[in-house]
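**Q** Listed below are the residues making up each chain.
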Amino acid sequence: MRTAQEMTDPLTPVETMSGNAGTLRKGLSRIPGKYHAYLLAPPALLVFLCLWQLLVMLGSYPTFILPAPAIVFRKFVLALTDGTLLHHARATLREVLLGLALGLSAATCLGYIFAKSKSMERLLSPYIVASQSIPIVALAPLLVIWFGFGTLSKVIVCALIVFFPVLINTIVGLRSVDENLVDLMRSYGATRRQMFTMLEIPAALPVLLGGLKIGVTLSVIGAVVGEFVAADEGLGFLVNLSRGLFDTPMMFVALFALVIIALSLYGGVVLLENRLLSWRRIE
Amino acid sequence: MNHPILTAEGVDKTYPSREGDVSALRDISLTITEGEFVSLVGPSGCGKTTLLRILGGLLQADRGGVHIDGQILTEPRRDIGFIFQDPTLMPWRSVLKNVTLPLEVQGRNGHEHRKRAMELLGLVGLLGFENLHPHELSGGMQQRVAIARALVHEPAILLMDEPFGSLDAITRNQMNLELLRIWNATRKTILMVTHTIQEAIFLADRVLIMSPRPGHIQATLEVDLPRPRDNEIYYNEDFAKLYHLVRDSIAAA
Chain A
1 MRTAQEMTDP LTPVETMSGN AGTLRKGLSR IPGKYHAYLL APPALLVFLC
51 LWQLLVMLGS YPTFILPAPA IVFRKFVLAL TDGTLLHHAR ATLREVLLGL
101 ALGLSAATCL GYIFAKSKSM ERLLSPYIVA SQSIPIVALA PLLVIWFGFG
151 TLSKVIVCAL IVFFPVLINT IVGLRSVDEN LVDLMRSYGA TRRQMFTMLE
201 IPAALPVLLG GLKIGVTLSV IGAVVGEFVA ADEGLGFLVN LSRGLFDTPM
251 MFVALFALVI IALSLYGGVV LLENRLLSWR RIE
Chain B
1 MNHPILTAEG VDKTYPSREG DVSALRDISL TITEGEFVSL VGPSGCGKTT
51 LLRILGGLLQ ADRGGVHIDG QILTEPRRDI GFIFQDPTLM PWRSVLKNVT
101 LPLEVQGRNG HEHRKRAMEL LGLVGLLGFE NLHPHELSGG MQQRVAIARA
151 LVHEPAILLM DEPFGSLDAI TRNQMNLELL RIWNATRKTI LMVTHTIQEA
201 IFLADRVLIM SPRPGHIQAT LEVDLPRPRD NEIYYNEDFA KLYHLVRDSI
251 AAA
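From first to last, the protein sequence lines are chains A and B. When you line the first sequence up against my numbering, it's residues 1 to 283, in that order. When you line the second sequence up against my numbering, it's residues 1 to 253, in that order.
Hints were generated in silico from the structure; no laboratory data involved. Accuracy of the hints is not assured; some may be wrong.
Simulated coverage check for chain A against chain B, where a stretch passes if three residues somewhere in it have a Cβ under 8 Å from a Cβ of chain B [as the list claims (entries may be wrong)]:
id : stretch
1  : 174 to 181
2  : 184 to 192
3  : 228 to 235
Okay, the calculated beta carbon distance ranges per label pair [unchecked claim]:
id : chain 1 : residue 1 : chain 2 : residue 2 : range
4  : B       : Glu119    : A       : Ile113    : 35 to 45 Å
5  : B       : Asp230    : A       : Phe196    : 38 to 48 Å
6  : A       : Pro141    : B       : Gln60     : 49 to 59 Å
7  : A       : Glu121    : B       : Asp79     : 31 to 41 Å
8  : B       : Asp69     : A       : Leu271    : 50 to 60 Å
9  : A       : Gly268    : B       : Asp69     : 51 to 61 Å
10 : B       : Arg78     : A       : Glu121    : 27 to 37 Å
11 : A       : Leu277    : B       : Pro212    : 22 to 32 Å
12 : B       : Arg78     : A       : Ile113    : 27 to 37 Å
Glycine included, every Cβ here is placed at the ideal spot set by N, Cα and C.
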């Protein structure tokens, strides 16, 4: 733990890079040290693309097995300009966001009830664990029969897959609240509502956000699983369609789009975390 | 001045356990007058913390009753302040916001309350640290924040549960001196649980000695050492006598 005495000198320079040319150094010094690792991302991506190209050239694979990066890129530009990609991406994103909203609200509400009442947890948790032991892939066709071929069935698949990790994290987070702080709040005569907003939510927040990180990545999987069963739009549908047409470059494009959606959602949670938990950073 | 502010009569407390009921407190009676500093010493596990929680209304006694200012105590009251062994600060709140927490809960927000919190931070020697977060402070500084917080809503009574138990001996001695200074400035009624005999005598007007389980008040000792006190008092002959009395009393319990 750093004590306040050490904190009085916040301008200690952080040296992370060394041995670079003077100009590069000057440029880098304008970027805070903790972001330097991100600068390696573009060259790393370039290396990955080169290796991919090399693999295609050495193995001389036909395009329908492994398309070269350039072919995939051309397909990407094409799908982007004719609107195909945006149409399907929008459909998937809609399912993901609605599914997240549904899954998150159900999981946090039930998590709060379970954290407060052991008997409710004992009564209901067998059903929840049972529902989680059924593979979502096996459950999805049933959900499509019940909720139709449209967006709703995908939203529900998505919500179901998000539900469990968020539920568990909500329970763990709320139960980890310091008992002494609860006593302290009681001694001030805090109402139930104050206990919730001033103590329980902020105390559980780090664990809740951890659950959200798992949830947003799973939500993309949920939407694709739903689209695989029956759909007429969405990135999962696009993958399925392209497979039937042996259009492997388009499959790659759809997969990359899914990755971009998942990364953006995850990045959004990280930004939220940095904002809400800024007290944890030592500047 | 000799107005009894906190009284307990015939307080019993029993805890259920796997081997049947365990009696934690038996027939505890005590009276603390306004402005008095009372220490409560006893071996660990004698129910000191349980007693403090009952006196503060956080826990109900099985039998007997607690009165504050003549009123029976059934739930926590706002005129009682707590200081626990750990600073028990909210890590997501700044030092200042931790200190104003009691006021915020009681719906008293405003500029004059911020000023009051800053005054108290000055009293505990933490001016200039108000915007830091608890994890940026040392253990002793965190406990000072807890003291400032316990004083901010002007409780008449302070209940302290081994407040310096987790600090090293040097910091602890400093905090004892600080506490005396603060007590002098505010003249709160203080009941402090400790398991250090020296600390109990050094601070208090009166030392209550508790017996091991089931805990009850074994003896009461008046500390008639002169005030204001400083570290010199440890070399006082009367201090040594009192120390032996307390120790023998605990040994006999």
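**Q** Name the hints, by number, that the structure is in violation of.
**A** Failing hints, ascending: 3, 11.
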